[in-house]
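Let the hints inform the model, and build the full structure from the sequences given.
Here the protein sequences line up with chains A and B, keeping their order. First residue of the first sequence? That's 160 in the working numbering, and the numbers climb one at a time after it. First residue of the second sequence? That's 15 in the working numbering, and the numbers climb one at a time after it.
What the hints contain is simulated information worked out from the structure, not anything from laboratory work. No false leads were mixed into what you were given.
Restraint-style ranges between C-beta atoms, simulated for each label pair:
(1) T179/B to L178/A: 42 to 48 Å
(2) D354/B to V445/A: 51 to 57 Å
(3) A254/B to A443/A: 29 to 35 Å
(4) L227/B to D182/A: 52 to 58 Å
(5) L227/B to G300/A: 29 to 35 Å
(6) S191/B to A432/A: 16 to 22 Å
(7) D313/B to A432/A: 47 to 53 Å
(8) T293/B to S436/A: 31 to 37 Å
(9) T179/B to K280/A: 35 to 41 Å
Taking lysine-lysine pairs in the BS3-like style, the calculated list, with each CA pair at most 25 Å apart, reads:
(10) K98/B to K354/A
(11) K98/B to K346/A
(12) K87/B to K107/B
Positions of the beta carbon are idealized from the N, C-alpha and C atoms, including for glycine.
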Amino acid sequence: MMQATQVDKLAGQLTQIVLARLDEGRLVVPSPPTVVAKCLQILKSPDFAAKKLVAALEIDPVLVAMILREASSATHGNAVKAIEPAIARIGSDSLKSLVVAYAAHELFESFDGKIKAANKKIWEHSVACALLARDLAAFSGAEGDTCYLAGLLHDVGKPVLAGMMLEAERKFGTVKSGWMDHTLWTKAIAGIHRKIGVAVATQWNLAPEVTAAIRDCSDYDSNDRGGAANVVRLANALAKREGFATEAIAMEDIDAMVMVGRSMLGVDAEVIARLASGLKARVAQVVE
Amino acid sequence: MTRILTVDDSSTIRTIITKQLSELGYEIEQAEDGFQGLAKLQEVSVDLVLLDVTMPNLDGPSMLATLRERGNKTPVIMLTSESKRSVVAGAVKLGISDYILKPFKPDELRAKVQKVLGVGESAAAPAQVAEKQLVDMLVVDDMENVHKKFRGIVPANITINACTTAREALQLCQERSFKMLLIDMVIPDVNSVSLMNQLRALQPQALMLALALRSTNDLSTELKGQGFHEVVYKPFDAAAVSDFLGRHFEAADVVSIDGNVMSCAGFDGKDDRVEKYFTRLKSGCRESLEKLASACYDDSILDLGSVSPRNGDRLIRFVIDTEKEARRLGLQLRLVGKTDVRAVMSSITETAALPFFASVSDARAAEA
Chain A
160 MMQATQVDKL
170 AGQLTQIVLA
180 RLDEGRLVVP
190 SPPTVVAKCL
200 QILKSPDFAA
210 KKLVAALEID
220 PVLVAMILRE
230 ASSATHGNAV
240 KAIEPAIARI
250 GSDSLKSLVV
260 AYAAHELFES
270 FDGKIKAANK
280 KIWEHSVACA
290 LLARDLAAFS
300 GAEGDTCYLA
310 GLLHDVGKPV
320 LAGMMLEAER
330 KFGTVKSGWM
340 DHTLWTKAIA
350 GIHRKIGVAV
360 ATQWNLAPEV
370 TAAIRDCSDY
380 DSNDRGGAAN
390 VVRLANALAK
400 REGFATEAIA
410 MEDIDAMVMV
420 GRSMLGVDAE
430 VIARLASGLK
440 ARVAQVVE
Chain B
15 MTRILTVDDS
25 STIRTIITKQ
35 LSELGYEIEQ
45 AEDGFQGLAK
55 LQEVSVDLVL
65 LDVTMPNLDG
75 PSMLATLRER
85 GNKTPVIMLT
95 SESKRSVVAG
105 AVKLGISDYI
115 LKPFKPDELR
125 AKVQKVLGVG
135 ESAAAPAQVA
145 EKQLVDMLVV
155 DDMENVHKKF
165 RGIVPANITI
175 NACTTAREAL
185 QLCQERSFKM
195 LLIDMVIPDV
205 NSVSLMNQLR
215 ALQPQALMLA
225 LALRSTNDLS
235 TELKGQGFHE
245 VVYKPFDAAA
255 VSDFLGRHFE
265 AADVVSIDGN
275 VMSCAGFDGK
285 DDRVEKYFTR
295 LKSGCRESLE
305 KLASACYDDS
315 ILDLGSVSPR
325 NGDRLIRFVI
335 DTEKEARRLG
345 LQLRLVGKTD
355 VRAVMSSITE
365 TAALPFFASV
375 SDARAAEA
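Printed below as a string of structure tokens:
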């Protein structure tokens, strides 16, 4: 077991290394799968050609099946058998969210059992945050899909960082397995994971509003009260309060963030409680 | 009288708070900083403190800490432009009741003050509810033709609002109170389940119905699992719509009163629901007749213009019972209806003798 000072030192060093690489543009963050990158590129145009999108999607049968399932679900209506009408039914904004969610989920996978378990918790927290952010956006005036994606990706830096650390562990070789305990991990990621999340969003060519919301959602901004970053900030606190925390939390911190967020967005406590009711079941549906 | 202390170094803020809360009948005390605030609390007892964070001499958090150290548990609402987690979390630890970010809206100030003082449910809430217009249904569908078709089969006495976008639906749900919301499952770029969840947060009392295209696969189980109460299939089937109206609307909803005219809503549903419909009709007419008697009317017009003659026996029984009730209350009953209903009424002596008119205006003219 490492001493507290050693943990601080190592966490500090790791943070510096990652930040320096980010600044120098030398940090390699994961690219989205080719099919996802291509789809996102096509979807950027408001008048995209459906046939072109179908051709891009058909390379990945899993993604096609996912889109068909979504379009055929009760959320969108009844059974659709072909991909083109499915795209039309879901709509470009929701399709973008679906494709990004598909690719993002991949980042939370790991061959390392411990990291995989930790990532599962982060993924569930992210889904809870995304669902709440989309609902809260309807009350703040922010764009729903922007808030959903920013909520989904606000912690994406964490699994990416975990992967990098695991890689480093393998490279050093001499370091004993398990050298990176939970305390070190938490400290190391605290200051940098959001920056890595921004790097991922940039690499994935997501809308600037999504990237900005990921970058700015650590603190509330009273100059843009109903903005997407504030929506994600409140959704993040609410998700934790509803049992989707990834680490130990101080309840007064969460209550403070919820109180500030309610006033910031102008949403009643009762409305928030109703939005959060049934969250566990909704998250389970997505995570399944 | 309930007394509130506002502690803020800005005289403008203190003046605004004093004005807004005095209008609600509260007595307001003022202090410019934490020291003055503590001194004021030793002079007078207050029910609530509205506390700024950044102030000269003694700031809000320090005043709050001293207050709690002295064992004073007066409720405190932080009213500040400070939104830093560490500052607000510290105040939460010391037991603040709520938080208001500056600049604030008068509504937020009033609502939070009243809630903390425990007057939210008794005084403020009913007034706010009363301000909201009550509407029976909201139909959310991007196709305007759906609104038109739906209006065509729902009785005129059931009020309907309709909109084509999620934004309009949210706006309407903030302004009005609905008994029932019908949400289309295929609105471009809208996740209908999310929209339902958002609308339910604003209208917790409303029934949520999904509007879905009739298909081979039964969506009702899946949709109910997602929070909808029921599914209404398109294209609309008049019988099915009458059925669900019968299930969800009370007796009063099938009879509307205008002056001394009681208009009965029609019914075109399944046979096994007809009995229920006539029970509701009878009960609605009884309530309406009592209202007319208490308003000192001498007679009443029973408008059967929308009622089908299909269930003649039940219709006759309903009219006989209603006429008997009218007589008991000292009211004379005149009937209005189409020729086929008139034919049904003429078939037996008790109802054949009742004055029958082709239109409400004819019945009114006879009354004059």
